[in-house]
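There are 2 protein chains.
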Amino acid sequence: MSSSPSRPGDGPYTARTPRVVAARKLQRRAERDETGRFLAEGPQAVREALRARAVRELFATVEALSRYEDLATAAGDRVSVVTEEGLAALAETVRPQGLIAVCDHVDVPVPDALARTPRLVAVLAEIRDPGNAGTVLRTADAAGAGAVVFAGDAVDPYNGKCVRASAGSLFHVDVVRSPDAAIPALRASGLRILAATGYGDIDLDDLADEGGLAAPTAWLFGSEAHGLPDELIEAADARVRVPLHGRAESLNLAAAAAVCLYASARAHRKTRAH
Amino acid sequence: MSSSPSRPGDGPYTARTPRVVAARKLQRRAERDETGRFLAEGPQAVREALRARAVRELFATVEALSRYEDLATAAGDRVSVVTEEGLAALAETVRPQGLIAVCDHVDVPVPDALARTPRLVAVLAEIRDPGNAGTVLRTADAAGAGAVVFAGDAVDPYNGKCVRASAGSLFHVDVVRSPDAAIPALRASGLRILAATGYGDIDLDDLADEGGLAAPTAWLFGSEAHGLPDELIEAADARVRVPLHGRAESLNLAAAAAVCLYASARAHRKTRAH
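Protein chains in written order, with our numbering: chain Z, 1 to 274; chain H, 1 to 274.
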């Protein structure tokens with residue numbers, strides 16, 4: 001059952017076809033912000049985007065349509081066949097595997113995310129590196145977080161590098177874009193606010209031993225270069241450091257976030273089991 | 001007390017000075033392998049390299065010599081003053097902050113690393129991405145690992161990206177380069193061999209609850225794209241998966257390694273405390 005769409009009297013789109021030219025502009029943040037759309041590359045992201053009902057148009061090469069027949073079928077009349085050269089014009093990676101989707105933004109307002117009472121939330125404050133942000137998003141999803149807040153001047157979650165690093169998780173958790181870390185709202189919904197900082201006064205292991213991770217938790221993570229802003233460190237309920245057992249001066253952001261989020265996941269699992 | 005070396009009748013080195021030209025060749029693996037040397041960029045790496053007595057020659061701009069006087073003093077007559085343009089020719093990053101050191105390889109043979117009876121070891125099997133390898137090296141150091149084994153066709157630990165991602169940890173832990181994962185030697189020195197794999201039959205949390213992380217441990221990590229080779233999965237004492245609580249299909253390598261290594265660090269700490 002192939003859904004390869006026929007377009008009578010019209011070959012595959014090229015790099016100069018107006019719809020391809022328009023979609024390509026979504027590589028720029030200004031265009032993404034203005035249109036509320038973004039690009040997702042490759043079969044994994046496209047599959048998750050289709051499940052999340054976020055796909056507006058799926059650009060696919062003839063080869064990709066036959067290789068990923070399930071995705072072509074799911075996209076139905078939203079498929080636009082493109083030449084290899086047309087796809088390359090849209091792609092930010094060397095190997096998009098023949099598929100690029102134009103998607104609608106998927107973020108939700110803070111109250112919507114909190115209405116689902118997540119027990120674990122990650123707040124990315126002023127994180128500028130899109131690869132780091134996407135990796136933390138992926139890790140937060142894996143650790144069972146219900147929401148990830150991109151706060152302040154954090155990177156655009158729809159930046160191509162962030163979308164790719166998230167490996168589909170952008171479509172799994174509630175992504176929130178907020179001008180600030182929304183601490184009052186997080187706290188009002190019963191989340192304990194923990195600031196992850198190398199200068200924290202409590203060690204993550206000690207906190208876990210004290211039962212300090214059992215409550216629903218929102219973790220605040222800052223940029224690797226500058227850490228968390230002072231006002232967020234002060235606003236948190238506790239300032240937590242990942243213990244450094246060897247001679248490394250610090251962990252990189254994604255590793256620190258993985259250790260913190262999984263410590264929470266483990267504490268929550270024990271709480272449920274008892 | 002400035003140690004800015006004077007070279008009578010000789011200005012700062014330029015990109016065409018033979019020693020700069022020779023050092024630049026160390027950006028290539030073949031040259032690194034042949035000479036047993038590599039480049040370390042920036043003040044943090046240079047500081048750690050000096051502490052590890054690995055520095056042969058320190059190329060520094062006049063500005064960097066005055067900004068990092070302690071490093072210039074420590075390097076003494078190994079300092080070679082270069083022009084900004086000479087430094088740029090040596091640098092792989094945009095901002096090497098005026099300092100690049102030619103270092104001797106620091107890796108040690110397997111028996112030397114094991115003679116120090118490390119309680120935590122990370123084995124990187126067939127990991128090709130230098131940024132990933134360097135990040136895991138940094139995380140292993142932070143978690144208190146005594147040795148990191150680059151096994152098989154793993155990336156060159158002296159690749160510039162790996163050196164930078166390790167953030168100095170290349171000079172902190174015993175780095176071992178081995179044609180294979182050295183499992184018999186690791187096991188003979190009392191290390192329990194755990195393979196980190198998404199298809200593991202035991203969950204990391206369950207293993208921790210059972211006390212399965214209390215023993216000295218060597219973790220095997222494979223590439224993100226291909227995972228661990230089958231023979232290593234089979235050779236391990238246990239196959240361990242990081243639990244996935246959300247909808248992510250997997251964790252990225254650096255995040256998975258952080259969670260595994262810190263679970264071991266936490267178990268070892270509890271063991272020592274009792």
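Careful: at least some of the hints might be erroneous.
What the hints assert, rightly or not - In silico lysine to any residue, SDA-like type, Cα no more than 20 angstroms apart, as pairs:
#, chain 1, residue 1, chain 2, residue 2
1, Z, 161, H, 202
2, H, 161, Z, 224
3, H, 161, Z, 129
4, H, 270, Z, 212
5, H, 270, Z, 208
6, Z, 270, H, 97
7, H, 270, Z, 129
8, Z, 270, H, 245
9, Z, 161, H, 225
10, Z, 161, H, 245
It is worth saying that the hints were derived from the structure and are not from the lab. Predicted model only: the values in this text are computed from it and were never measured.
A quick look at each hint next to the structure:
The straight-line distance between the Cα atoms of residue 161 of chain Z and residue 202 of chain H is roughly 33 angstroms, outside the 20 angstroms bound, and the hint therefore fails. Only pairs whose Cα atoms come within 20 angstroms are accepted, and residue 161 of chain H paired with residue 224 of chain Z is accepted, the gap being roughly 17 angstroms. A distance of roughly 17 angstroms separates the Cα atoms of residue 161 of chain H and residue 129 of chain Z; the hinted pair therefore holds under the 20 angstroms criterion. Between the alpha carbons of residue 270 of chain H and residue 212 of chain Z the distance comes to roughly 17 angstroms, so the proposed pair stays at or under 20 angstroms and holds.
For a cut-off of 20 angstroms, the pair hint linking residue 270 of chain H to residue 208 of chain Z stands: about 12 angstroms separates their Cα positions. Distance restraint check for residue 270 of chain Z and residue 97 of chain H: the Cα-Cα separation of roughly 47 angstroms exceeds the 20 angstroms cut-off, and the hinted pair is therefore not satisfied. Pair hint residue 270 of chain H plus residue 129 of chain Z does not hold up; C-alpha atoms about 35 angstroms apart against a cutoff of 20 angstroms. Only pairs whose Cα atoms come within 20 angstroms are accepted, and residue 270 of chain Z paired with residue 245 of chain H is accepted, the gap being roughly 13 angstroms.
The suggested pairing of residue 161 of chain Z with residue 225 of chain H holds, with an alpha-carbon distance near 17 angstroms, which does not exceed 20 angstroms. The hinted pair formed by residue 161 of chain Z and residue 245 of chain H fails the criterion: a straight-line CA distance of about 24 angstroms is larger than 20 angstroms.
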